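Residue numbers (numbering that gives the first Met the number 0), protein chains in the order written: chain A, 0 to 96; chain B, 0 to 463.
Everything labelled a hint here was simulated from the structure, so no lab data went into it. Any given hint might turn out to be false.
To be verified - Lysine to any residue pairs mimicking SDA-like chemistry, simulated, CA-CA at most 20 Å apart: (1) Lys5(B) / Ala42(A); (2) Lys5(B) / Val27(A); (3) Lys45(B) / Asp35(B); (4) Lys359(B) / Asp372(B); (5) Lys168(B) / Asp189(B); (6) Lys170(B) / Gly191(B); (7) Lys215(B) / Ala245(B); (8) Lys5(B) / Ala73(A); (9) Lys5(B) / Gly43(A); (10) Lys5(B) / Pro34(A); (11) Lys5(B) / Phe77(A); (12) Lys301(B) / Gln325(B); (13) Lys5(B) / Ala20(A); (14) Lys5(B) / Ala80(A); (15) Lys5(B) / Gly30(A); (16) Lys5(B) / Leu3(A).
These figures come from a predicted structure and were not determined experimentally.
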Amino acid sequence: MVYLMTFHWSWLLASLLLGLAMGWIAVVHRGQGVPRRTSWWLAGLVAALVAVALARLIPGRPGYWLDLALLMFASYLFGCAVGSWLRAWALSRDAPA
Amino acid sequence: MHEFFKWSSKWWPGVIPLVMFWAVAAWTSTLPLETDLAARSTSALKDTVLDKRRIAVAGRDVTFAADAFSEDGRRSAVASVEAVPGVRLVNDETRLVPEAKPFVWSAERDVVRVTVGGNAPLPASKGRLLEAARAGLAGVEVVDQMNMSRGAPPRFENAALLLLDQIGKLKDGKVTISDNKVSLSGMARDLGGREAIAAALKNLPEGFSVAANEIKAPPYIFQAYKDPVAVTLTLTGYVPDNNVHAAVAAAAGRKFFSEKVVDNLKASVGAPSGFAGAVVPVLGALSRLSTGTLEVSDREVKLSGDALYDAAAAQIRAGLGKDFPQGWQFKADISVKPAAAPVDATVCQQLFSDLLAKGKIRFESGRGTIDPDSAGLLDRLVETALRCPTANIEIAGHTDADGEDAFNQTLSEKRAQAVTDYLVKAGLPANRFTAVGYGSSQPVASNDTDQGKAQNRRIDFVVR
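This is chain A alone, in the form it adopts within the complex (with noise of 0.2 Å):
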């Protein structure tokens, strides 16, 4: 994990970057969000697909290839959540000025 994080700290900067800024936009974004049904489905989609990757069920390259992809997406969560926590932080810093 640490060999991959350092190997590719490049690609997961930009996952995170990417996940702030779509944070950033999803706190005023008015536009349509996933129904509450699908995103449990998805939910339990990425679960399972974790639960692989740790069981190294899948051989060579896929295997690699999905490990990636989860690093990247966890990359990208955190971001989205960071950069969520830090809009409505700063829209609550100027709500009552």
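For chain A, the structure is supplied; the task is to place chain B on it using the hints.
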């Protein structure tokens, strides 16, 4: 919290560029990652002794194949690859190097190369063996056909190094180690090589023994060539030691009364037994030939050339070989020199005088028996006598003045008679010769000195 879920439901559009990022990352990073992992795995195995190592990386999975020399070594090699950071799975295709039973190693030499084959216990010892072979056999190609195997006997490498040292002493042949038995075959390069190898084998490491030593020595060669034109006797080849060398040279000097002896003999071990006992008499036979070659190869004696007359050829063919040491073989290829043109009595006398000036007929001290060393001279005298068939010849015996006159008289008569008998045996008619003894009554030099006495002890041929 509720708000957080509301925000997160709107995060999905970023997933589209994320997937693009991922595709590009996967596309560009897979090969560098695999190369990096292969390099790290290889360096992790740097200090591990393995044969036929092969590392293939697909994604983060390493397929590792190798032959290990022990179970512990195999396990630790797999563990060190597993411990490489970034490696996800190791497909373990390692195995133990096969065990050889019996553990056979060999080195074979032919004219241009040495082939080292069979089993070697470790890559390092294989390298040392090849290095030793190259160092010990400068200029000879060394071919490596060794395979790695387990099951080498203790101190195998020392034994193999010792044998590689011996292969330099072979012209061709093979040395083999089978478990702890050593066998050798082939032909030694030099005389004495076989003995040197046998001596070196005594230093084999503990536990090793010689199962078969079939190293042959090259033939022990002695050659003598009598050249009537250059008037030389050329001796080449080997003699066992300096004593035999001196004896052979002295015998050649006595038997070849007019030839210059060219001595190119070298002393070397490895002579067949009875060497001197066979070579000295056969040199006598060579001295009786007009031109001839003597070849002694191990225990085989070949004499070829031209005898001076028929009876001499028959005597040489029949006489030699009888008193040879046991196990020696004698092959004679003797022809007879064509008879020289007849000459008149005066020339005949001149020829006799010339011959007797170059050499003297020798007798056993105080007795009337002809010394065998004089056979060459006597044959020349016979040849000359055959050239003047009408001349009558007086064989005159003379002694020095030592001792009583009556004894000297008898001795001179006996000696003259012995020479006459020799001539008659050679096929000359007895009525042409008169044996006369003069005792010490006709000295040709002073009897006061040893040299003078030696000159007075003589046989003269006088044509009447």
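Exercise for review: Give me the numbers of the hints this structure contradicts, sorted from smallest to largest.
Suggested key: Violated hints: 7, 16; rest satisfied.
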